[in-house]
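Engineer: Letter by letter, the chains look like this.
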Amino acid sequence: MTPAGPGRQMYALVERLYPLCRSITGDGVRATLDIVGEYLPLQIHEVPTGTQVLDWTVPQEWNIRDAYIADSTGRRVVDFAASSLHVLGYSVPVSATMPLAELRPHLYTLPDQPDLVPYRTSYYKPDWGFCLAQNTLDALPDGDYEVRIDSTLADGHLTYAEHVIPGQVPDEVIISCHVCHPSLANDNLAGIAVATYLARALAEQTPYYTYRFIYAPGTIGAITWLARNAERIEQVAHGLVLACAGDTGRLTYKQSRRGDAEIDQVMRHVLAASERPHEITEFTPYGYDERQYCSPGFNLGVGSLSRTPYAGYPEYHTSADNLDFVSPEAMADTLAACREAFTLLDRNRSYLNLSPYGEPQLGRRGLYDALGGRSDTKQAQMAMLWVLSLSDGDHSLLDVAERAGLPFDTVAAAADALRGAGLIKA
Amino acid sequence: MTPAGPGRQMYALVERLYPLCRSITGDGVRATLDIVGEYLPLQIHEVPTGTQVLDWTVPQEWNIRDAYIADSTGRRVVDFAASSLHVLGYSVPVSATMPLAELRPHLYTLPDQPDLVPYRTSYYKPDWGFCLAQNTLDALPDGDYEVRIDSTLADGHLTYAEHVIPGQVPDEVIISCHVCHPSLANDNLAGIAVATYLARALAEQTPYYTYRFIYAPGTIGAITWLARNAERIEQVAHGLVLACAGDTGRLTYKQSRRGDAEIDQVMRHVLAASERPHEITEFTPYGYDERQYCSPGFNLGVGSLSRTPYAGYPEYHTSADNLDFVSPEAMADTLAACREAFTLLDRNRSYLNLSPYGEPQLGRRGLYDALGGRSDTKQAQMAMLWVLSLSDGDHSLLDVAERAGLPFDTVAAAADALRGAGLIKA
Amino acid sequence: MTPAGPGRQMYALVERLYPLCRSITGDGVRATLDIVGEYLPLQIHEVPTGTQVLDWTVPQEWNIRDAYIADSTGRRVVDFAASSLHVLGYSVPVSATMPLAELRPHLYTLPDQPDLVPYRTSYYKPDWGFCLAQNTLDALPDGDYEVRIDSTLADGHLTYAEHVIPGQVPDEVIISCHVCHPSLANDNLAGIAVATYLARALAEQTPYYTYRFIYAPGTIGAITWLARNAERIEQVAHGLVLACAGDTGRLTYKQSRRGDAEIDQVMRHVLAASERPHEITEFTPYGYDERQYCSPGFNLGVGSLSRTPYAGYPEYHTSADNLDFVSPEAMADTLAACREAFTLLDRNRSYLNLSPYGEPQLGRRGLYDALGGRSDTKQAQMAMLWVLSLSDGDHSLLDVAERAGLPFDTVAAAADALRGAGLIKA
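Line order of the protein sequences matches chains A, B and C. 1 is the number of the first residue of the first sequence in UniProt numbering; add one for each residue after it. 1 is the number of the first residue of the second sequence in UniProt numbering; add one for each residue after it. 1 is the number of the first residue of the third sequence in UniProt numbering; add one for each residue after it.
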């Protein structure tokens with residue numbers, strides 16, 4: 001499987017998902033999860049409207065069939081059928097004819113990007129509206145317009161999905177991505193695609209950790225998952241939020257609120273060791289669902305991997321975040337970085353030197369060159385000495401690798417040899 | 001009250017105090033406190049000679065009426081009436097006629113600054129002497145001189161004063177300045193003036209902390225206060241020593257011995273945020289009465305604010321530290337910095353997020369914009385998210401502001417809003 | 001005793017030791033310790049073959065009388081008599097005639113340094129061999145060669161020695177050097193010489209710490225010492241491994257595994273304060289016997305002082321590490337640095353201020369100038385104030401010196417004065 005392979009496959013998945021009108025509830029999410037389910041068995045959860053989840057309440061379910069603004073000739077000048085972005089998310093139904101002046105307060109545009117359609121929602125304040133290009137608006141003559149939003153807001157469910165890859169230990173790594181944005185390719189169809197192919201790759205062999213993939217609507221979905229998994233939280237050892245995973249910018253890792261979580265160290269190490277151009281940023285309480293996982297009550301070791309980060313590109317939350325904005329190569333690169341990180345995380349263990357008084361005699365165990373006096377001691381032998389020196393319960397193998405300036409793989413192999421010889425234990 | 005207003009008023013107070021001959025005891029201190037008492041009600045303390053105070057003993061009280069050196073014609077060539085600096089502080093009485101050669105060991109000059117009169121004392125070794133300009137000394141012909149110091153050293157009292165502004169909590173902030181230097185304007189009449197006008201400003205509304213202003217002789221006065229307030233020490237939460245507050249140099253904040261006391265963080269922040277040119281220095285066990293407050297047994301969170309610091313200017317402890325050396329604008333600026341610092345300190349609290357599991361739903365509490373999807377989230381909303389994220393008992397609002405890179409006022413306002421909504425508590 | 005004096009004396013000692021064929025056991029070590037014993041009374045320890053020492057076993061004793069390769073004319077083309085390096089350390093006896101092709105696998109050369117003879121050993125894998133210059137090898141015609149190594153490998157003893165200088169307290173400083181290398185001047189005859197003259201210098205007066213000098217074979221010797229001194233380990237407060245102490249490169253101090261041990265701070269301070277060009281390096285688990293002393297079970301505060309460090313020079317472990325490679329001046333400089341370090345370490349104590357509330361009145365104890373008002377307070381007075389300020393049990397005198405920016409000697413003298421006045425106690 002070459003990088004280009006999964007890149008093209010992930011891009012094809014993004015293309016399939018792009019036209020769907022997703023929101024924080026409704027059939028768009030279900031259709032999205034149905035498609036992902038073709039790639040990966042998913043456990044679907046439906047949580048009823050009105051369910052209390054932490055400080056929040058699951059809202060009514062929103063579904064939409066059609067929406068448009070038509071001029072006096074009946075021509076649809078703004079049409080939901082052309083793009084799911086055209087309707088204000090969670091718009092209440094409306095069916096009326098009104099002059100442009102009366103319609104204007106319900107129209108959202110981007111005056112500074114007059115060709116683009118913005119993405120706007122009103123989840124918790126009942127409202128209706130349309131999003132359109134400023135140029136489109138400017139071209140509308142005064143006069144009466146027919147306005148119609150054929151939507152329903154009714155008791156129903158919030159939908160999210162999980163996919164679990166059982167590991168050798170019950171300790172979990174959660175990989176979370178949001179599935180609530182309509183026709184926006186980078187935010188977050190690329191994240192969904194990378195998560196999906198990462199799950200497939202991890203399943204190729206039994207990983208050390210149990211990996212849980214969470215596909216959920218932003219904010220309310222993550223909050224719902226947290227509310228329903230109170231007993232599981234203490235098993236969550238590490239986590240990563242995937243978002244904006246497909247643009248051609250460089251990778252950005254946003255550290256967990258802790259800043260010194262193991263996932264933070266691993267991502268910093270992997271991105272630096274790979275010599276990819278990249279950026280490491282501090283935690284902020286804004287962005288994607290790391291906001292929830294890292295809220296002070298949970299304070300999980302969950303970071304966030306993006307390419308160009310949240311709100312960091314002009315196409316963000318506009319119709320320009322389309323299929324041209326993401327690339328197979330970029331998604332393949334994000335996936336590769338994830339695989340490198342979780343491969344390392346999965347091997348990163350702290351050992352205890354069982355022979356800590358003086359050096360154990362490696363030579364009689366076949367772990368050391370018999371010929372003395374040479375100065376070109378091999379990296380593998382240095383790695384063994386470093387592992388022995390730092391295996392005091394306070395240092396992980398990654399700590400050893402960073403302290404020794406040796407590749408992690410060399411250190412992990414040395415640890416394997418030492419463990420095989422009974423000199424260290426986990 | 002414009003900055004120029006209090007600047008001129010403080011300068012006028014310095015002018016009134018300048019001629020008085022202060023020392024560590026005596027009527028000069030009393031006269032000084034009488035004048036300050038016109039601006040601020042003071043509680044005067046008189047501590048008898050011989051009182052044991054920590055490792056020290058209150059010395060005899062020194063008073064002086066006249067002192068001069070007269071030549072053979074009776075002309076006073078050095079005259080206490082012209083400047084209180086001319087007599088060695090705590091000089092024992094003397095009345096004699098002697099040749100210049102015999103007089104010389106009792107004469108103090110500054111050979112490198114031949115026009116200036118030095119300031120010298122001999123508190124604890126009985127001695128007498130005169131301070132004069134080197135040029136004056138050089139012009140004295142040989143011959144006999146009449147030497148007279150009409151002073152008394154006798155059992156009496158050490159005098160210091162307090163002014164207390166009751167706060168909402170009994171925890172105290174102490175503001176301390178020394179009142180023992182004779183005719184030196186910057187050291188420390190400017191400090192006395194700034195302290196006095198700071199007290200007046202703080203009294204305009206009930207502050208959070210109780211503020212205690214201490215006007216006391218250097219070293220022995222602070223030691224006396226500490227000895228007599230053993231039970232109060234644990235209530236002293238923060239403190240500031242004010243000295244050299246009126247020269248035109250930039251502000252200098254000397255950190256407490258702790259270095260990480262809250263007053264240190266506050267002063268660093270305020271001086272940096274105000275974009276004043278300034279300097280932050282480490283604690284040293286030399287300088288003003290921070291030496292006593294920060295002695296290892298007390299180790300209080302007390303820093304020191306000066307403009308050009310202790311011994312850092314050529315006019316220091318000379319007759320050139322006169323009314324021309326201080327300016328209304330400089331004192332107004334020092335006062336303004338103090339007010340900014342204590343306004344911030346008074347609002348700087350640590351809160352506990354009462355809804356720490358996930359983000360609380362700010363929208364339904366009217367604390368968050370209803371319209372989703374925009375990237376221009378307001379600073380006020382970011383401040384609320386930061387306060388929620390860091391209100392874990394380990395972070396003050398100033399910690400939040402510094403971590404978030406937001407203005408303290410914005411963060412404090414966010415905390416007020418969140419507290420009003422019942423989401424955080426102190 | 002000028003630096004040149006001990007330099008020449010140490011060089012003379014190196015010259016005497018140079019020809020001996022040392023190994024990890026055997027008469028070469030004994031002869032070496034006999035010579036050192038002429039300079040310093042040594043306690044010799046003989047540990048029988050087969051003794052279990054930590055994870056190791058004392059090996060058979062190796063002795064060698066003669067070894068050579070002779071050509072068909074009987075000419076010795078490689079001769080142990082010319083240099084102890086020519087035989088592979090711990091070679092088993094051999095007496096045979098064989099063609100060059102058969103001999104080749106037993107010949108060790110340095111192709112990149114064709115004039116030099118390498119130093120090679122095979123302690124734990126029974127083998128035999130010769131070390132020679134590549135040029136010598138290249139000049140050997142094909143044909144039969146007589147090969148003879150007149151060695152014995154038999155049950156015997158491992159030999160090491162100790163020299164103890166009793167101190168005022170039982171807490172020990174160990175100075176360790178390896179004595180197992182044959183004719184290599186810098187590695188480690190210079191270390192032996194510096195250790196020996198350091199011991200002589202320290203004995204001139206009773207030091208504070210008890211100093212224990214350990215002359216032992218590398219690795220197995222240090223391990224043997226550690227195994228036989230389990231009850232003593234907790235008395236080892238500090239230590240230094242001396243190696244490569246005589247080349248003309250700059251001094252290199254390799255920190256202990258702890259990195260913040262007192263010996264680390266002392267060596268860093270002394271090397272910086274002396275303004276010698278020098279290098280401070282982090283601990284690595286490779287090098288000399290700091291590997292054993294700093295193994296995680298012991299984790300002693302033991303650093304290592306060298307000039308050019310382990311394997312850091314092309315002459316390392318070759319015949320070029322000869323008497324020309326070390327100099328009297330370099331050894332004198334290493335010795336001087338050691339003396340400075342241990343003089344400081346010996347005086348470096350943590351005190352407790354017995355008058356910690358306010359400053360004690362130094363003046364009435366004669367510790368402070370009586371004349372007040374001057375700004376040129378003497379360094380000695382500043383040092384007293386700093387010692388009082390930081391004598392809270394958490395700061396050593398070296399901490400004080402570094403924090404105050406004062407010379408250690410000034411600070412130590414201030415502490416002596418304060419202790420004399422009963423103001424601080426150890």
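Because the hints were derived from the structure by calculation, they are not lab data. Incorrect hints may appear among the rest.
Any copy will do: because identical chains look the same in the list, a pair fits if it lies in one copy or spans two.
Calculated cross-link-like contacts (lysine-lysine; reagent style DSS-like; alpha-carbon spacing at most 30 Å) [as the list claims (entries may be wrong)]:
no., residue 1, residue 2
1, K378, K425
2, K125, K378
3, K125, K425
Only a predicted model underlies this, so the values are computations on that prediction, with no experimental measurement involved.
Engineer: List in ascending order the numbers of the hints, as given earlier, that are violated by the structure.
Structural biologist: Checked against the structure, no hint fails, so every one of them is satisfied.
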